[in-house]
Structures are given as C-alpha cells and as structure tokens.
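Read top to bottom, the protein sequences are chains A and B.
Sequential numbering from 362 applies to the first sequence in my numbering.
Sequential numbering from 362 applies to the second sequence in my numbering.
Among the hints, erroneous ones may be present.
Same chains, same label: a pair holds when it works inside one copy or across any pair of copies.
[As the list claims (entries may be wrong)] Simulated crosslink set (BS3-like; lysine-lysine; CA at most 30 Å straight-line):
no. : residue 1 : residue 2
1   : 554       : 402
2   : 554       : 634
3   : 554       : 437
4   : 634       : 437
5   : 634       : 402
6   : 402       : 437
Calculated directly from the structure, the hints in this document are not laboratory data.
Number of protein chains: 2
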Amino acid sequence: MANRTYGEIPGYPVGSTFVNRTDLAASGVHRPLQAGISGGKDGADSIVVSGGYIDDEDHGDEIIYTGQGGNHPVTKRQIADQTLTRGNVGLARSQLEGLPIRVIRGAHRGSIHAPAEGLRYDGLFRVVDHWPQPGLDGYRIYRFRLVTLESSDPPPPPPPSAPTQASRAEAVIQRIIRSTQVAKSVKELHEYKCQICGVCLMTPAGPYAESAHIRGLGRPHNGPDVSENVLCLCPNHHVLFDTGALVIDAEGTVRDTLTGDAVGQLHLDVSHKVDWAYVDYHHETHIR
Amino acid sequence: MANRTYGEIPGYPVGSTFVNRTDLAASGVHRPLQAGISGGKDGADSIVVSGGYIDDEDHGDEIIYTGQGGNHPVTKRQIADQTLTRGNVGLARSQLEGLPIRVIRGAHRGSIHAPAEGLRYDGLFRVVDHWPQPGLDGYRIYRFRLVTLESSDPPPPPPPSAPTQASRAEAVIQRIIRSTQVAKSVKELHEYKCQICGVCLMTPAGPYAESAHIRGLGRPHNGPDVSENVLCLCPNHHVLFDTGALVIDAEGTVRDTLTGDAVGQLHLDVSHKVDWAYVDYHHETHIR
Numbered sequence: 362m363a364n365r366t367y368g369e370i371p372g373y374p375v376g377s378t379f380v381n382r383t384d385l386a387a388s389g390v391h392r393p394l395q396a397g398i399s400g401g402k403d404g405a406d407s408i409v410v411s412g413g414y415i416d417d418e419d420h421g422d423e424i425i426y427t428g429q430g431g432n433h434p435v436t437k438r439q440i441a442d443q444t445l446t447r448g449n450v451g452l453a454r455s456q457l458e459g460l461p462i463r464v465i466r467g468a469h470r471g472s473i474h475a476p477a478e479g480l481r482y483d484g485l486f487r488v489v490d491h492w493p494q495p496g497l498d499g500y501r502i503y504r505f506r507l508v509t510l511e512s513s514d515p516p517p518p519p520p521p522s523a524p525t526q527a528s529r530a531e532a533v534i535q536r537i538i539r540s541t542q543v544a545k546s547v548k549e550l551h552e553y554k555c556q557i558c559g560v561c562l563m564t565p566a567g568p569y570a571e572s573a574h575i576r577g578l579g580r581p582h583n584g585p586d587v588s589e590n591v592l593c594l595c596p597n598h599h600v601l602f603d604t605g606a607l608v609i610d611a612e613g614t615v616r617d618t619l620t621g622d623a624v625g626q627l628h629l630d631v632s633h634k635v636d637w638a639y640v641d642y643h644h645e646t647h648i649r
Numbered sequence: 362m363a364n365r366t367y368g369e370i371p372g373y374p375v376g377s378t379f380v381n382r383t384d385l386a387a388s389g390v391h392r393p394l395q396a397g398i399s400g401g402k403d404g405a406d407s408i409v410v411s412g413g414y415i416d417d418e419d420h421g422d423e424i425i426y427t428g429q430g431g432n433h434p435v436t437k438r439q440i441a442d443q444t445l446t447r448g449n450v451g452l453a454r455s456q457l458e459g460l461p462i463r464v465i466r467g468a469h470r471g472s473i474h475a476p477a478e479g480l481r482y483d484g485l486f487r488v489v490d491h492w493p494q495p496g497l498d499g500y501r502i503y504r505f506r507l508v509t510l511e512s513s514d515p516p517p518p519p520p521p522s523a524p525t526q527a528s529r530a531e532a533v534i535q536r537i538i539r540s541t542q543v544a545k546s547v548k549e550l551h552e553y554k555c556q557i558c559g560v561c562l563m564t565p566a567g568p569y570a571e572s573a574h575i576r577g578l579g580r581p582h583n584g585p586d587v588s589e590n591v592l593c594l595c596p597n598h599h600v601l602f603d604t605g606a607l608v609i610d611a612e613g614t615v616r617d618t619l620t621g622d623a624v625g626q627l628h629l630d631v632s633h634k635v636d637w638a639y640v641d642y643h644h645e646t647h648i649r
C-alpha cells in the first residue's frame, strides 16, 4: 500500500498557492508531477482540476471529475475506453471508505472557480458517486461526483469525553443509509427479507433491512422515489448492489460482475411490482 | 401496525402550546393521554418530557430519556425491571429506522428547558442510542439519547431534479457508518473479512468491511478509539452486533440474544489483540 496522507497537509491551509506542479509536488499536497489523480488501489488522496478533460464540470462546491486514461498523450482526445484502475479505482475506493480528497485547482480558461495563475489548494472534498458513460469522443469515461466536506459531512456526534476527542476528529463517514416512506412500505411488503438472499436480520428492536433505489435518486441518475424503483435488501447485498458488484439481468438472475456467474434469482412478490427499465439502467451503468 | 404520523403535524409548528394533555392529544401531536411515549413495535412518533422520571436529563439539544414501565402507579418508584416492549421498543425501532420523534416539553421544576406552564411542542429529534442500566431505585431502566434533528442530520445531497424533490424532503437517515484511522488498520489486518462469519464483500472498488467499536465511542459509553476496542465486521453482522442481537461470551462464542444459541466463534488474529473488558461491557449492556 502506498503511504498516502489523507486530509490536510500541515502547513498548507485552504488557499495555499503553488507556482507550478513541481512546487505543488514538493509540498506533498499533490505528489504526482503529471497525473491529475494521486491514487491507487488503496484509495486516492488528491486531485488537480485543471481543465485537462473537456468533460469536467466545476460548480464550486460540487465537481464532476473525469477519470484518467484512454486519451492520446498529444491530442488529449479519447482513443480507448477508460477502466476502473489506477487513479480511477483510487477515487472509487475513497468513495467506499469515505476518505477525504484534497482538491487543487489549476489556472485555465473556462472556469470561474479556477485561480488566475498557478495552482491553489481549495480544501477537502468527498466522492459521493461514480459511474461510467460515453465521453464526447465516444469512448467510455469514468466520472466522479465530489462535494465539499463542509456541505456533505454530518456534524460529529455530541462531544465525547476527552480520550476520544482526537480520534473523532479523524473519523470519516463511510456510508449514510437513507430511507423514505416509499422505501419503508417496500420493506414491509417483503417483511424485511432481502430480495437477493432471503435473509431477515432480527434485532431486539424488530427486523432490519435497507431499501436500495435501483436507479439512483441523485444527479446524474435522477431515478424516482417510487416503489417500482426500490428493492428491499440486507445491508451486505445493499453494498454489493450499490457498488455494482452485482447486477440483475432481464430474467431476474442476479449476477456477479467480477466473474459473470449467476449467484441467485431476485425474489419477487405479486404485491410489489419492479419496473424493469430501472433494473436495465442499473445493469448498463455497472456493466464492465 | 398503528397508523402513526411521523414528523411535523400540519398546523402545529415548533413552539405550539397546549393547555393540558387532553388539548395535546386532540391536536395529534402526542396522542396518548397519559403515556410519555407514543409508540409500539412499529416505532415511536412522539414523547412528552415532563420530569416524570427522576433519571431524565434535559440538555436542550440533547435529552436522555427514561423508558416506561416497572414503576408504581402512585409512588412512581421503580418496583420492577423495565423491558424493551411498548413505547420502549418503539423508541428503539425509531432509532433503527431513523424515524423522527416529536418532543413535547411539559411544565415542571428542575429544567430550564421546560415551559412555565402547560405543554409546548419543541420540534423533531432522533434517537441516536439506547441502553439498559440500573436506575436510582436499583431496577433496570432503559435510557434513550435523543438529539435535535437540526444538529444531527446531515444536509441533504445536492439538489435533485424536480420529480424527486418532494421525496427527498421525506427521507430519513437510518444509519451513518463512520470509520477512523484505527478502524481502517484493523480492517486491513483482517483483510476485510468479517470476524463473525468470515465473509469479505468484494466490490469493483476493492474489498469492503465495516469497523465496529465494541464499547461505543459516544456518551455514555465513552469507549476508546484503539484497535483493542474494534472489530472488523460485514455490514450484516455490524447491525446485529450494534443492536445487541448478538453478543460475544468470555470464550469468544458468538451468541444470539433472542434464542441464547451459539451461532459461531469470533475469528481472532495474532496481529490484532481484542481487549476482553470491552467485549464484557458490550455483553452486559445487551444481556436480556
């Protein structure tokens, strides 16, 4: 595992500026001299937003960032599909683990958020989503949605006693499980049994299951909060479904996307109609 | 299931006042005429904080609330152990599902947060913890920690498009999975395999597991963030361990607290020492 430092680099507060990439790399705020993503299989700790990809979108508190790879070294045009490797898998890993990403903006035309010259450290973001899509040149690109930690991070729990104070400051949010009234009704219809494995977790406070929106609610998916777009899953299968480790094919067979193997059959109930268009959308988003 | 309304009652904003419990019940803000908790197996939707229990603590944005039952109808002293039933299981269920609780404060001496007379609706809280403990009279009581939704709720995700706007407003947070640097190192030592079932969830972004603090970090447990107090668990076993559906006995046997049956043996690794004092604390907290 690379020896990465996640979070703030001492001595370089938000707003710190750098003359060029050599100056930036020496600070430790973003170590690669050329790559836009500092990351690998263990996670990603920083990115440079410099307008290198035509598909990038910088909205200030929210950035849609294009993954690396597949482009011609000189023309910069995509000449091959991007894959979930190197910096791309690093950003996906940081999403899974809730690790903070330092965002550095470089001077370039076309963004009101970029500095006028050089590079500037603009604070910590977290990755909240990623998905593949066809890029402007027709090849598959990976895109990552990052939002500032201040706007996405729940406040810490009420103050603990002194010994845990320091550790709390280091805590990251890995996952936030949300539910809606629609989702609750779907769970009740299935009596809190996972539609993939049939398990129902029994706790002293009653049965527990999670609701998974098949086509995600947020941008860019904009799936609706209707029962036809919700599955009742155990937490383990929720993780596997949301990350695209599992997809569901047109026959309702649950498949492992790493091996292509069938691992089961989606449990359906006459009282809960699933809209197959959402299942197809999820499948296409996670096909590799 | 009872036909409860969770969240705000139309026409009764924060600060609404009521002459007495009959007036309050008629409004729908808190329907029971006597009970402090409006709740059952499906969840709890409101509580009245009125100083009826000597163990209650009202800190304004945070309330430590005592469960119901086991007390003498006249003297109000505890004469039996409380159980996780009726309103108590309702509050535990609302914690599990992330459901909001309306908090109504009644006039009583001894709290600067209580109204001078009558009753007042003071807004939505969520239950963030519950645990049994010996009460001042020696019998077991259940206590619930509630915090205001404004201070505990993560901001909603970035604005979705119009169709999901309404549903987002209804969304509740069921669980927030946090991790710390210490927790991350424990997961790496176990190669992301669950210490209860041995499962490792493989995702396109690498292996996924969660860290569980054995003795909780927050008040009132104040467990430390050290590797001896952390387990590496799959999400399913994390839920079962945190809710006390499973405990670990002195021999490392994992037991189902609903049936008392042994369901497995905790996987240990020479490189990760677990402090048995924390395991005992968890066991005692969840024994029924």
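Hint check results:
{"no.": "1", "hint": "554 - 402", "result": "between (33 Å within a copy, 17 Å between copies)"}
{"no.": "2", "hint": "554 - 634", "result": "within (16 Å within a copy, 35 Å between copies)"}
{"no.": "3", "hint": "554 - 437", "result": "neither (49 Å within a copy, 41 Å between copies)"}
{"no.": "4", "hint": "634 - 437", "result": "neither (46 Å within a copy, 51 Å between copies)"}
{"no.": "5", "hint": "634 - 402", "result": "between (39 Å within a copy, 27 Å between copies)"}
{"no.": "6", "hint": "402 - 437", "result": "within (25 Å within a copy, 60 Å between copies)"}
Going through the hint list in order, the structure does not satisfy hints 3 and 4.
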